[in-house]
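Taken in order, these protein sequences are the chains called C and E.
If you use my numbering, the first sequence closes out at 800, no skipped numbers anywhere.
If you use my numbering, the second sequence closes out at 1363, no skipped numbers anywhere.
No wet-lab data here; the hints were simulated from the structure.
Hints are not guaranteed to be accurate.
Straight line, CA to CA, 20 Å or less: simulated SDA-like cross-link-like pairs of lysine to any residue [unchecked claim]:
| # | chain 1 | residue 1 | chain 2 | residue 2 |
| --- | --- | --- | --- | --- |
| 1 | C | LYS754 | C | THR797 |
| 2 | C | LYS707 | C | ASN726 |
| 3 | E | LYS1264 | E | PHE1320 |
| 4 | C | LYS707 | C | ASP694 |
| 5 | C | LYS754 | C | ALA772 |
| 6 | C | LYS734 | C | ASN702 |
| 7 | C | LYS734 | C | ILE798 |
| 8 | C | LYS707 | C | GLN691 |
| 9 | C | LYS734 | E | HIS1280 |
| 10 | C | LYS743 | C | ASP694 |
| 11 | C | LYS734 | E | LYS1264 |
| 12 | C | LYS734 | E | GLU1304 |
| 13 | C | LYS707 | E | GLN1277 |
| 14 | C | LYS762 | C | SER713 |
| 15 | C | LYS743 | E | LEU1332 |
| 16 | E | LYS1264 | E | LEU1332 |
| 17 | C | LYS754 | C | VAL696 |
| 18 | C | LYS734 | E | LEU1332 |
| 19 | C | LYS734 | C | GLY701 |
| 20 | C | LYS743 | C | SER713 |
| 21 | C | LYS754 | C | GLY701 |
| 22 | C | LYS707 | E | LEU1332 |
| 23 | C | LYS734 | E | GLY1291 |
| 24 | C | LYS754 | C | ASP780 |
According to the in silico footprint, chain C covers these stretches of chain E (three or more CB under 8 Å from chain C) [as the list claims (entries may be wrong)]:
| # | segment |
| --- | --- |
| 25 | 1261-1273 |
| 26 | 1319-1333 |
Source: prediction; values computed, not measured.
Backbone N, C-alpha and C fix where the C-beta goes; we use that ideal spot for every residue, glycine too.
Single-letter residue listing:
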Amino acid sequence: AQSVAQPEDQVNVAEGNPLTVKCTYSVSGNPYLFWYVQYPNRGLQFLLKYITGDNLVKGSYGFEAEFNKSQTSFHLKKPSALVSDSALYFCAVRDENFGNEKLTFGTGTRLTIIP
Amino acid sequence: ETGVTQSPTHLIKTRGQQVTLRCSSQSGHNTVSWYQQALGQGPQFIFQYYREEENGRGNFPPRFSGLQFPNYSSELNVNALELDDSALYLCASSFLAGGEQYFGPGTRLTVT
């Protein structure tokens, strides 16, 4: 079975500071990893993905994530936070061994950027 | 390029009733997945359709059923609604090849 853990329900960061949103995963095969962002009363917007290759993945809006196979982690990062980054962030995983594209999501981390 | 659309936006139903939610996939995508997002939770996989066939199902009872049409649009049907079915229902489309899924804005279902 595949699973995702987001250990922090809430992360607060001052505007201009670097931010990190943590994610760890568990799969039986190689993971496909994703980050999505959700604004109030909206669907999920894709930020970035890791399938294979370079462990540092760059995505939309200046976000990046680092894949660490030994620690089974895929933390989301941004060098300088903006107030507009405040939203709910979800990490998701798909096991390459599954024939379908089922995504398993974490419970989400609410990111608040303080002006 | 047209994004994923869902209808209706909001819906209020009574316990025991049936509901149909609709989704139009993004242009060029042949796979549709449905998710249920309860308040304060992450989305939970309901099922996926690929070329009009169910291609995987999550831990949801048979009263949750679906269809995919030749144009790759999709429906989610829920029979015998229960209060716990109240949630945001998200549709996502993708092109089956390990690519990312693109989500619609969701349908907010309230069961009273």
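The hints, checked one at a time:
With a C-alpha separation of about 28 Å, the suggested pairing of LYS754/C with THR797/C is violated against the 20 Å cut-off. Using a Cα cut-off of 20 Å, the hinted pair LYS707/C and ASN726/C is violated, with the two alpha carbons roughly 23 Å apart. Annotation: proposed proximity of LYS1264/E to PHE1320/E is violated, straight-line Cα distance about 25 Å (limit 20 Å). For the suggested pair LYS707/C and ASP694/C, the alpha carbons sit about 10 Å apart, so the restraint of at most 20 Å is met.
For the given pair, LYS754/C sits about 27 Å from ALA772/C by alpha-carbon distance, which is inconsistent with the 20 Å threshold. Between LYS734/C and ASN702/C the alpha-carbon distance is near 23 Å, which puts this suggested pair outside the 20 Å criterion. The suggested pairing of LYS734/C with ILE798/C is violated, with an alpha-carbon distance near 23 Å, which exceeds 20 Å. With a C-alpha separation of about 6 Å, the suggested pair LYS707/C and GLN691/C falls inside the 20 Å cut-off, and the hint holds.
Distance hint between LYS734/C and HIS1280/E is fulfilled; the C-alpha atoms sit about 18 Å from each other, no more than 20 Å. With a C-alpha separation of about 24 Å, the suggested pairing of LYS743/C with ASP694/C is violated against the 20 Å cut-off. Our distance criterion of 20 Å between C-alpha atoms is broken by LYS734/C and LYS1264/E, whose separation comes to about 37 Å. Proximity of LYS734/C to GLU1304/E is assessed by CA-CA distance (about 27 Å); at most 20 Å being required, the pair is judged violated.
Between LYS707/C and GLN1277/E the alpha-carbon distance is near 30 Å, which puts this suggested pair outside the 20 Å criterion. Simply put, LYS762/C and SER713/C have alpha-carbon atoms about 26 Å apart, too far for the 20 Å limit, and the pair is violated. The suggested pairing of LYS743/C with LEU1332/E is violated, with an alpha-carbon distance near 42 Å, which exceeds 20 Å. Simply put, LYS1264/E and LEU1332/E have alpha-carbon atoms about 8 Å apart, close enough for the 20 Å limit, and the pair holds.
Pair hint LYS754/C plus VAL696/C does not hold up; C-alpha atoms about 24 Å apart against a cutoff of 20 Å. Between LYS734/C and LEU1332/E the alpha-carbon distance is near 35 Å, which puts this suggested pair outside the 20 Å criterion. Among the hinted pairs, LYS734/C with GLY701/C is inconsistent with the structure: their alpha-carbon atoms are about 24 Å apart, more than 20 Å. Taking the CA atoms of LYS743/C and SER713/C, the gap is about 25 Å. The hint is violated against a cut of 20 Å.
Pair hint LYS754/C plus GLY701/C does not hold up; C-alpha atoms about 29 Å apart against a cutoff of 20 Å. Of the pairs offered as hints, the one joining LYS707/C and LEU1332/E is violated, with about 36 Å between alpha carbons and a cut-off of 20 Å exceeded. For the proposed pair LYS734/C and GLY1291/E, the alpha carbon gap of about 24 Å is over 20 Å, so the pair is violated. Of the supplied pair hints, the one linking LYS754/C and ASP780/C holds, its CA atoms being roughly 14 Å apart against a limit of 20 Å.
Only residues whose beta carbon comes within less than 8 Å of a beta carbon in chain C count, and the segment 1261-1273 of chain E has 0; fewer than three means the coverage is violated. Proximity of the segment 1319-1333 of chain E to chain C, defined as three or more residues with a beta carbon under 8 Å from a beta carbon of that chain, is not established by the 0 residues found.
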